[in-house]
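The primary structure of each chain is shown beneath.
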Amino acid sequence: MDKVTNIKISQTLSKAARWQIIITVLISGISLLVSGMNAAISAIAGGAIVIVGGYAGMIGVFAGMSMARRLNGLTPGVILISMLKAEAIKVLVIALLLLVTFKYYRGLVPLSLIGGLAGSALASGAGLRAVNNKYNENNEQGL
Amino acid sequence: MENTVQYLAMIQAYTGIAIGLIIGLGAFGACIGIGIMCSSFLDGAARQPELIPTLQGKVFLLLGLIDASFIISVGLAMMFAFANPLLAVIK
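In order, the protein sequences belong to chains E and Z. Throughout the first sequence, residue numbering follows this note's numbering, covering 1 to 143 in sequence. Throughout the second sequence, residue numbering follows this note's numbering, covering 1001 to 1091 in sequence.
Keep in mind that the hints were calculated from the coordinates and are not lab data. Don't be surprised by glycine CBs; every beta carbon is placed ideally from N, CA and C. Be careful, since some hints might not be right.
To be verified - Per the computed footprint, the stretches of chain E lying under chain Z, defined by three or more beta-carbons under 8 Å from a beta-carbon of chain Z, are: (1) 16–29; (2) 35–47; (3) 84–91; (4) 100–108.
Stated by the list, open to error - To give an idea of the chain Z side of the interface with chain E (calculated C-beta under 8 Å), a few residues: (5) M1010; (6) L1042; (7) G1057; (8) M1078.
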């Protein structure tokens, strides 16, 4: 396995998280200007829910892969199953956090929350660009 | 008064159907996308096993991106369930 292919999931996810935080803060600022403090907090809550869910999924991937590495070795099927389990954990955590936010946050502005959530969820694709950049840099260096 | 209650019941009933459709169709689309991507990953891994580490990072990110539509639909559904803006017409 050469160095080009050895790009860690945690690196890509932290790049994605950086973009998610930037987008969330941007949407929160716009919400603050348009509809006030509660809207800004709602937008931050929406973005934070997706980021926390993403990290919960990442922990799930690492736990699944390290367990599989010890037991049978990493086959593509095992990788895929651990990723799907991690995705299930992520969706459950996000749904749970959304439920708690909608139920207990009295001054919630729903549209701002959805805006922060959507922006942050879509910004997770920015990590893919980071992976490609890393791959191209390594290719140029001949690694 | 009776009309108001009737309208309220109708809005809640139709909103319930809408919530089911939002979550169901969101999950349907995400499932198709994830199925296609996972089959392509297994296909690629079988053809070129040395590419597995490169592909797994991308697969993880793309899983998140495909699921984004479902997550957004869950958020929208919860908005309609807990803070339904359509009920403001009655009040």
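Given as covered by chain Z, does the region 84–91 of chain E meet the bar of three residues or more with CB within less than 8 Å?
Holds: 5 residues of the region 84–91 of chain E have a Cβ under 8 Å from chain Z.
Tell me whether the statement that chain Z covers the region 35–47 of chain E is true, taking a Cβ distance below 8 Å and needing three residues at minimum.
violated (count 1)
Taking 8 Å as the limit, does the beta-carbon of Z/G1057 come near enough to a beta-carbon in chain E?
holds (5 Å)
Is the shortest C-beta separation between Z/M1010 and chain E less than 8 Å?
violated (21 Å)
8 Å C-beta criterion, at least three residues: is the region 16–29 of chain E covered by chain Z:
violated (count 1)
So is the region 100–108 of chain E in contact with chain Z by the C-beta rule, three or more residues under 8 Å, or is the coverage claim wrong?
holds (count 3)
Does Z/M1078 hold up as a contact with chain E if the rule is Cβ-Cβ below 8 Å?
holds (5 Å)
Holds or violated: the hint that Z/L1042 contacts chain E, with Cβ atoms closer than 8 Å.
Holds: closest Cβ of chain E sits about 6 Å from Z/L1042, inside 8 Å.
In the structure shown, a violation is registered for the earlier hints numbered 1, 2 and 5, in ascending order.
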